[in-house]
Amino acid sequence: MSKKHDYDVVIVGAGITGAIVANELAEKGHKVLILEAGRQKNFSFESYREYLHHYYTNTIKIPNSPYPQNPAAPQPLVTDVGNIEDGIQQFDPDGYFKQYGPAPFQSSYTRANGGTTLHWLGTCLRMLPSDFREKDLFGTGKNWPINYYDLMPYYQMAEREIGVSADVEEQAFLGITFEEGYVYPMTKIPQSYLDQKLTEWTKDGVFEYEGESFDYDVVSTPQGRNSNPNPQYNNGEGYQPVGAVGNPDLGTRCEGNSACVPICPVQAKYNALKTLYKAIKKGVVLQEQSVASEILYDDKTGKITGIKYKAYKDFEGLKAGRKIGYEEKVVTAKRYVLATHAVENAKLMLASGFKNKNIGQNLMDHPVLLTWGLAPERIGAFRGPGSTSGIPSLRDGTFRQDRSAFRIEIGNWGWNWPKGSPVTELNDALAAGKFGKGLRNALLDQVQKEFRMGFLIEQQATDRNCVTIDERYTDELGNYRPIINYNITDHEKEGMLAAKEFSKQLFETIGGESKTAYDPSRGGYIEYKGESLWWQGAGHLAGTHIMGTDAENSVVDKDQRCHEHENLFLVGCGNMPSMGTSNPTLTIAALSFWAAENIDNDLKDLK
Amino acid sequence: MSKIDKTPLFTNLQTAIELEHSTIPPYLAAYFTIDQDTNTFAWDVTRSVFMEEMLHMTLACNILNAVGGQPSIDNPKFIPEYPTTMEFADRKFEVGIIKFSRPAIETFLEIEKPSEQRLHVMGEHMKNLMEPIKLDEKTIGEFYQVIKDQLIQMVDDYGEAAVFSGKQELQISPKEYYGGGGEIIEVHNLDTALLAIDVIVDQGEGASGTIYDGDETYFDQDQEVAHFYRFNEIYLEQQYAKGDHPDDPPSGDKVTVQWDVVVDMVNNPKAANFPEGSAARAKAEEFNQLYSHFLRLLHRAFNGECNLLVKAVGMMYQMKYVAAELLNCPADHKGKMAGPPFEYVPLADRQQYGWLVEELVEELKVTIP
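Which chain is which? The protein sequence lines are A and B, in order.
For this note's numbering, count along the first sequence from 1 and bump the result up by 203.
For this note's numbering, count along the second sequence from 1 and bump the result up by 8.
Pulled out of the complex, with its shape left as it was, chain A reads as follows:
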């Protein structure tokens, strides 16, 4: 006797991975429910405008500033990480994460429809073929159970869904290959004036480090933001850029609003609301204000029997001291998908008593070493997307045996990230008594020469960096708050040393002036081998339920299915055994297409 299920598939989480899986499965005719913890009620542009309004009126423009904190489904904030006092890293005790350090975990994510793609920058790099075989090649990190070539067709699907702008010829480096004749959906986003000047100034220079030399190749970055459609795309079919949800005439090209992080005002930058909207039109049911709290499973077979969730009530105007009301419900399906972010997925499985010892382990991010300085002339800072180019030459090499690889992101928004520019400079100039034309000129002269580099340091999976739970730490609905243990290794610090030296040599090569100076009291400050270093989080949280060959070394198999729970699939960055130096979204989007295909095959077999 077969039990009647509520749905074919239940997906937890309405971010990019959940949206892709939902949309693909709805396309195949399956009945799909998405449970979303966040609150956004509809897909009109009006509700998006509320986010914009929050952003404009918030004095602190952190990545989550447009997306209000929700006590029923709280989210971490980068400002939860405090200063270092008496050598000890401080944390906001009211922050969502309970952090045990010793190093601060400085990344955040967003709990709302669309997930963290609401505030991502839109960088869409493929991983390098070598990144999938790191253990074999360099004796460090972990291998993937699949390789670059397995993933290639799915990368194409992800590039279509996100709408990636790039030129193929420029992206075939460090072993990356593309199918014969492939082009990206849209032509590359024009590189900034800064990128062009850096290209010119570094043309003949080389970076020398530990007996090796590397070119300063400035390469345009593939981006999930609308540019001109490439007429050659899809064998001459072309591509239709997707504008804003609820206002489709808006955002069909990037307008250079220079607010990508935390919010693109016109949605020229992809966010998962676009995919969700398509999915809903195909019949996917999206249920907001529903926080999954426990995955129910059969102890003997491991099979999931349902997902328990808390459907909470509106809480505006709730009297002080009153708890948010909720109703506990259970929903069943033939297949289940957890797509609620690396940290949340792990937390949910731990809360459900899953036995796999790898759950929550191998937490990764890209620690970002920031350096900054002045260009020899005005380079038009603060225009265009946050970054339009990078320098890939140190993303791969035999040096990965000894130190972390890194990707260098060239920042178009002056010293905005490390120093809060240009507001800081304005306040300084005002304090110095400047006004009128004098003020304007002083600001222009400084601000228009500013640029910064971000070195995204590869971090390897280790069991010391992990997410756990503890019943002492819960949120208002009684769900667990994630507990984070996090540190960075000497391997990574060696990478940071190389990065700092790279910055020094680059400023010398271009005749600029490095202004990098690290404040020992700021979170993320360390000293290593006599050098001061300072790093921030990249928001690339990954690796909490990694993919591998068996339950001993991993949580999911190459099909993205849990080793111990055959009707449960996990998607998202948590599945990544390593990230290399690529921003992970494109890769997890590709893996989501892969997962959707496997789920569809399962469901076909059931019929």
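Hint data in this document are derived by calculation from the structure and do not stem from the laboratory.
Incorrect hints may have been included.
To be verified - Here are the simulated SDA-like cross-link-like pairs (lysine to any residue), alpha carbons at most 25 Å apart as the crow flies:
| id | chain 1 | residue 1 | chain 2 | residue 2 |
| --- | --- | --- | --- | --- |
| 1 | A | 511 | A | 809 |
| 2 | B | 183 | A | 363 |
| 3 | A | 484 | B | 257 |
| 4 | A | 481 | B | 328 |
| 5 | B | 328 | A | 650 |
| 6 | B | 183 | A | 264 |
| 7 | B | 328 | A | 626 |
| 8 | B | 319 | A | 431 |
| 9 | A | 484 | B | 250 |
| 10 | B | 319 | A | 445 |
| 11 | B | 319 | A | 580 |
| 12 | B | 328 | A | 580 |
Let chain A serve as the given structure and place chain B on it in line with the hints.
Chain B in isolation, oriented as in the chain A frame:
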């Protein structure tokens, strides 16, 4: 067979370009005076309409280029002197540069009003098809119908290749034109020319007796209410619902319009009316210079240098900023504010500005300080 004479067609298409352009300054003026946060709906509607008028103007240029003509954009007669009178067979009304207000929306409704079906004149124009059209003797719908008939007739008489003899590289493509409802159509034969005209007519008046604009049919975009009906939604403070008939008032959600939350701009601002030496005067002159330079850039973009259209977009943003500055300058002592005059400055009188694009700097032989 007589030699093909395209002069009347050229004249009509140039009229079409000017007609489409003439609506843009009034729409822009209203748009600039709307407070985006208060009157968001009106702001959205006005923005989407003027962007589609830009599309119509560009489509008309593409048709004219396709048949071998040359759009003339940078000429003294291109911008009407506001207030101007628009006269068609079925209506006559004044159009001015005025702030967002009920009178402004009344004018916009007049501009976009679906043409009367004048059955008695149907077919009449076939007699003198090869004449330039006198606009005041036609409705807008008829005007575009005549152009369609002219094209069809000429293709019948001379063949498609002879009529569509323009160079392909003159066509503005999606590479240069983007954003807003609808899509640019590259015109190279009768079908694409007729499609371009249908888009112009349907986005304004609604497609064949509906309130919708045809974007869904032509471009696979979401269904959108046509200009006339969108302005009517502002005017009646209520949206149309699915299934509403064009003759009936809207029956959908209410719209909030706060008519008094608006920049109190003088009617039909003129640079010369602002006191010499005042901020309003200086900014108004700057705006006029900018708009005229902008027309120059458009002229070049529509006459072979298509890629300059992308640079023109940058100048559009610049105009928006200067307009915002103007609307913060007092126009007089009575509390009214200045506004963008949209007055033509002859080429010889144009000056240098920091925002001038390289191409114009070169042509005008000026230096940027």
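Violated hints - listed by number, lowest first: Going through the list in order, the structure violates hints 3, 4, 6, 12 and respects the others.
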